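Since chain A is already given, all that's left is putting chain B on it; use the hints.
In the order they appear, the protein sequences are chains A and B.
The numbering of the first sequence is my numbering, which starts it at 968 and goes up by one.
The numbering of the second sequence is my numbering, which starts it at 30 and goes up by one.
Per the computed footprint, the stretches of chain A lying under chain B, defined by three or more beta-carbons under 8 Å from a beta-carbon of chain B, are:
hint : segment
1    : 1097-1108
2    : 1118-1129
3    : 1185-1195
4    : 1229-1237
5    : 1270-1281
6    : 1285-1297
Computed list of chain A residues with no C-beta within reach of chain B, every gap over 10 Å:
hint : residue
7    : R984
8    : F1004
9    : Q1016
10   : I1162
If you only want the chain A side, here are some residues facing chain B, beta carbon under 10 Å, derived:
hint : residue
11   : L1044
12   : R1114
13   : I1180
14   : L1245
Derived by calculation from the structure, the hints in this document are not laboratory data.
Everything numeric in this text was worked out from a predicted model, so none of it was measured.
For every residue, glycine included, the Cβ atom is placed at its ideal position computed from N, Cα and C.
Residues per chain are reported as follows:
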Amino acid sequence: MTESTSTTQARSSNALRSIWGGLKRVPPVYPVFFIIFIVLGLLNPGKYQSMNGIMMFLRTAAPLGMLAIGEMLVLALGGFDLSVGAIVTFVVLVSSKLLANDPSNAYPAILIMLGFGVAIGLVNGLVVSYLKVPSFITTLGMMLLVRGGALYWVGGAPQGYLTDNWRIFGRGFIENVPIFSRIPYALIALLVFGIIAYFLFHRTHFGKQILAIGDNVRASQLSGVRIRLVRGLTFIICSVFAIIGGILLGGFGGVNVTIGEGMEMQAIAACVVGGVLLGGGKGNVLNAVFGAFTLQAIVNLLNLLGLPKPYTDAVQGLIIIGAVAYVGLTSARKR
Amino acid sequence: MTTAPVSENGFRRILNSIHIPPVYFFLVLVFLGGGFLDQVYADGQIFKNPAIMLNIVVRSVALGIVAVGQSLVIIGASIDLSVAYTISITAVMSSYLMQGKTANVPMTIVGVFGIGLVIGLANGLTITKLRVNPFIATLGISLIIKGIINASFSNYTGSVPQSFEFFGYGTLGPLPVSILILLLIVLGGWFVLSRTKFGSHLYGVGGNSEVARLSGVRTDRVLIGAHIICSMTAVLAGLFLVSQMRSGAPWVGPNGVYDLNSIATTVIGGTALAGGKGGVWGTLGGVLIFGVLETVFNQLGVNPYLKTVLQGAIIVIAVASYTLRSKKEAA
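Only chain A is shown next, with the shape it has when bound in the complex (with noise of 0.2 Å):
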């Protein structure tokens, strides 16, 4: 009897230590952006308690989710992509232009759109792998190509408004849906999007490739990944998955000549705040998401407690290094 009550409390134990032992292995992002949702759900039970206002908050996040995703591929493989901040002023400008607040125009106006995220996904990758020039510099040199470009091409000020039924993918719904009341599009685009990249990213060799390459360049050359093909693929997913994020937040936002400014570092530090490493070799496709999501709630919360928007600023740095801080201890001290 002594036998089977120590055999059931050791069993009882080694359960209690699984689960704190599968507890452990969440990644931080999760508790984190639960947490600030929950405080936020507190303070404004209203908006934040109800399926509606979760919507409208997914609806928010779901643009910086999109350029996480993107970004979050090329980190892991080892690079850096620092011009999709421009491509989303370049959306929404260029967009503007070509809408010429004819309705009829918004679907060629977004088919031409994800043509030019092919274009700057493909040069971008070019220049990389023949002209060797280190993919920061090369996309530093983009973000201000496409900018510039996209500012001269409008003449320097938004051509127009963007037509209702190009906005709509950013800031419409569906509406009367069972349990979840409402369901934005730009949720449903993030979904899509988000499992095709989980599914290329996690599920075929093209992922594990990206990853092989970001671990170790030359390895994985030497036992035949084909870089060049890789890279080039993946500076292209980036690009367009920038555009779609473009779109949908020219919808939800309009037309702003800044609206893109300084995404590309949000971008970059929603992955890291998802738990990617810089520097390559690791990356999550719904981690990266989260880490987009924990930014966005950051935000949200710092209005809700009628911060100005400096001390946001303020606050999200502190935030972004302690969370990274939190991970690099934690990981290092595993080691």
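For chain B alone, coordinates are given in the frame of chain A:
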């Protein structure tokens, strides 16, 4: 038959002994190309007027000073994205503290260098002790500084006294003071990197931090030191800018894109982003290229947005001109 390779070797040896960074060939190319375009499409001032040459250098002073600091940090395999807002906080605080009175100048200078020390220390400690990636650490610090100045100041605040404008506009003999200061800073950077123990340790840390640590280098201290120097150069650049503008505003640093531009000029100058390789003379070349381009664009009356496009393309081409031959894959 045998003489040809020998003389070629001799030529190579002479070139190597002078050790001109390849960026200067690119600089000459840009200067000649720009001057030619100026001859054809504008009034040809670039070749005719020696004052414009001086102007190119004066234009480059602020960026040049920061870029020296940025080079040190990048050689140590780190990066500093906080320099733009360090420049802003210096510009704003110094004109706020001086309030147009010469008597306040010494105290103000001590004060802003104190701020620089704190920022550099914060950067260095966050990177070494909290093990935060330098990119994120300095980006975070930059956001914090941005928040603080935007919360406290929204526009031009205070002013600098007439006497302080000597820094920005004064001349010693034929040469503007600002150029002498830039030269002094570049020489200082060169001296620190190639003639001091700190410098060789910095190359070691940048090349391979673990090897440096195992061979007895206090890597953390070296990196913190490099970050402090970098923030100090940003403070100096801020002081220079405010002496020219007479009053500081929060957008001085970010408007000049001093963070990304200092990184770009450093890399154009041949310093590897991965660290352990490079020097300040190359960086000076990179900075001068930016200065020449700015002048050429102004001469030709290029549309400001097109200017941005061309600048982006030229940054990439300049770096490509020597990474092209490298056998290693870029990342």
